[in-house]
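*Asks:* Now for the letters of each chain:
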Amino acid sequence: MKRLSIALATAMIIVSLVLSYLSLSLTPKAKVVIRVSTTTSLYVTGLLDHLAEELKKRYPEVEVVFISVGSGAALELAAKGDVDVVMVHAPSLEKKYIERGVIVNGAIFAYNYFVLVGPSEDPARVKGLEDIVEAFKRIYQAGELGHSCFVSRGDMSGTHVRELMIWNMTGLNPKGRLWYVESGTGMSKTLMLADNLKAYTLSDIGTFLKLKKEGVLKNLVMLVSRGSLLINVYSIHLVNPSRYEVNKEYARRWMEFILSDDGQELIASYGKDKYGVALFNPAKGRSEELKKMWNLLSEGG
Amino acid sequence: MLITMEELPGIIMRSIMISGTATLLSTAWSLPLTIKLSLSKHPLKESLMGILNSLVGFPTVLVGLLLYLVFSSSGPLGMLRLIYTPQAIIIGEALLITPLMMSLLYEVVCRSVSVYWELAISLGASKRRATWFVMEQTLPELMIVLLMSFSRAIGELGVALLVGGNIKGFTRVITTSIALAIEAGEFDLAVFLGMVLLTMMILLATTVRLLRAWLEK
Numbered sequence: 077m078k079r080l081s082i083a084l085a086t087a088m089i090i091v092s093l094v095l096s097y098l099s100l101s102l103t104p105k106a107k108v109v110i111r112v113s114t115t116t117s118l119y120v121t122g123l124l125d126h127l128a129e130e131l132k133k134r135y136p137e138v139e140v141v142f143i144s145v146g147s148g149a150a151l152e153l154a155a156k157g158d159v160d161v162v163m164v165h166a167p168s169l170e171k172k173y174i175e176r177g178v179i180v181n182g183a184i185f186a187y188n189y190f191v192l193v194g195p196s197e198d199p200a201r202v203k204g205l206e207d208i209v210e211a212f213k214r215i216y217q218a219g220e221l222g223h224s225c226f227v228s229r230g231d232m233s234g235t236h237v238r239e240l241m242i243w244n245m246t247g248l249n250p251k252g253r254l255w256y257v258e259s260g261t262g263m264s265k266t267l268m269l270a271d272n273l274k275a276y277t278l279s280d281i282g283t284f285l286k287l288k289k290e291g292v293l294k295n296l297v298m299l300v301s302r303g304s305l306l307i308n309v310y311s312i313h314l315v316n317p318s319r320y321e322v323n324k325e326y327a328r329r330w331m332e333f334i335l336s337d338d339g340q341e342l343i344a345s346y347g348k349d350k351y352g353v354a355l356f357n358p359a360k361g362r363s364e365e366l367k368k369m370w371n372l373l374s375e376g377g
Numbered sequence: 009m010l011i012t013m014e015e016l017p018g019i020i021m022r023s024i025m026i027s028g029t030a031t032l033l034s035t036a037w038s039l040p041l042t043i044k045l046s047l048s049k050h051p052l053k054e055s056l057m058g059i060l061n062s063l064v065g066f067p068t069v070l071v072g073l074l075l076y077l078v079f080s081s082s083g084p085l086g087m088l089r090l091i092y093t094p095q096a097i098i099i100g101e102a103l104l105i106t107p108l109m110m111s112l113l114y115e116v117v118c119r120s121v122s123v124y125w126e127l128a129i130s131l132g133a134s135k136r137r138a139t140w141f142v143m144e145q146t147l148p149e150l151m152i153v154l155l156m157s158f159s160r161a162i163g164e165l166g167v168a169l170l171v172g173g174n175i176k177g178f179t180r181v182i183t184t185s186i187a188l189a190i191e192a193g194e195f196d197l198a199v200f201l202g203m204v205l206l207t208m209m210i211l212l213a214t215t216v217r218l219l220r221a222w223l224e225k
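Going down the list, the sequences are from chains A and B.
So the first sequence is numbered by the working numbering: it starts at 77 and just counts up by one.
So the second sequence is numbered by the working numbering: it starts at 9 and just counts up by one.
Hints listed in this document are in silico derivations from the structure and should not be mistaken for laboratory results.
Keep in mind that the hints are not guaranteed to be accurate.
Here are the simulated SDA-like cross-link-like pairs (lysine to any residue), alpha carbons at most 20 Å apart as the crow flies [unchecked claim]:
| no. | chain 1 | residue 1 | chain 2 | residue 2 |
| --- | --- | --- | --- | --- |
| 1 | A | LYS132 | B | ILE175 |
| 2 | A | LYS251 | A | LEU269 |
| 3 | A | LYS265 | B | LEU10 |
Computed from a prediction, not measured in an experiment: that's the story for all the values here.
Bound-form chain A, shown alone:
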């Protein structure tokens, strides 16, 4: 019985090795693979796949692959040395990883706005407010009166960090209040939760529009969408080649492509046909202004 089971085990290991070799051949053969860890909002809107296809037209040997997670996780993947490039939107977190020497050569490549969304009945009466801090204060009061709820991401993502920063500026602390719900999950699931609870939440505009278009969100509407505090800055960073074994040369090419006139034009026009508006604004021409904003935000978390 012993000998038989050894033979059987050996046979199975051989078969599975052959199969796993075959499953390698299922994968596309590209000479160069650039690994990019990215925040979900850039990926689920389809922008990154779109840009990667355009890059492939220029450099057919290059395959850009994306690992789509929250900004916090995306940066942590870089710290582990598992990716070549990071594309995120959490200045205060980015700053920490820059200081640790994990990421270098950061550049802002796009921006859009965070939006405060909530039920169309708007019990806290925040629609049309110019000042997001005032809007949060009203939500707090309405919450205390039992008129409304607020759903927080609660996952240290770029959106969550921004939300905390705004709460901080109100001087109020919603943590632990009954009406303050922490979802601890991604933007889409948080929006779905807020939609069901008829609650307010802060979202990036891309994910909100995408879900609205898919017909997933029935109750939520955009309430506050402008103001410098709501600017959402997307940056691209290279993982430090002197500390990690990364694909330096091609990572740089990907970055240069994103920041080039062509890349910026692709970002500017992406989504216009599907959503009626562009989901992202290119950083080109406004880089000084955005850099200032980034510095301000990086202090705020």
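With chain A's structure known, arrange chain B on it following the hints.
*Replies:* Okay, now just chain B, sitting in the frame of chain A:
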């Protein structure tokens, strides 16, 4: 749409290939270990089985995280460069289903040995013939064990997501596609993918059951 219809056959094939390989790989160590365990008289045998039984429902996302930490470039096995490859998912799923497979096999093997082995020996069969007899009798049930283990492997999300990374055309499998479709609010696609997975499993399970019935005839 984030996932186009042209990609679907590839995703399904990849899922079957990865989880199928993982099941075979897991059998390669689970079967001999279980046979050895079932024949042993060690006093800690029952506690060991207890541990394995309790690991059957271990959260897949935690298994995924632990494996990520091991396979990551800065992890202990980083030099193998397995992170974000189909091979990493294969190894991860093989480990994930080991407790389930060993728990199921243990019952099957114990019963076979106690019934058929003793029977064969008492009827005067040589050890070799007795072994064959046990194997023959166990085979149909072994197929069911393989099927259930495969089902656990192909239906899990945590390992595939964390060590595979859900990379388009490379490590994207059915479950990670479902997760992505949900993230993108494309619920129709998510449900469709779920139906594909279910249909596949029903077809496979029915085939195995029929085969078993035929074998037992």
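*Asks:* Among the hints numbered above, which are violated by the structure, and what are their numbers in rising order?
*Replies:* Every hint satisfied by this model.
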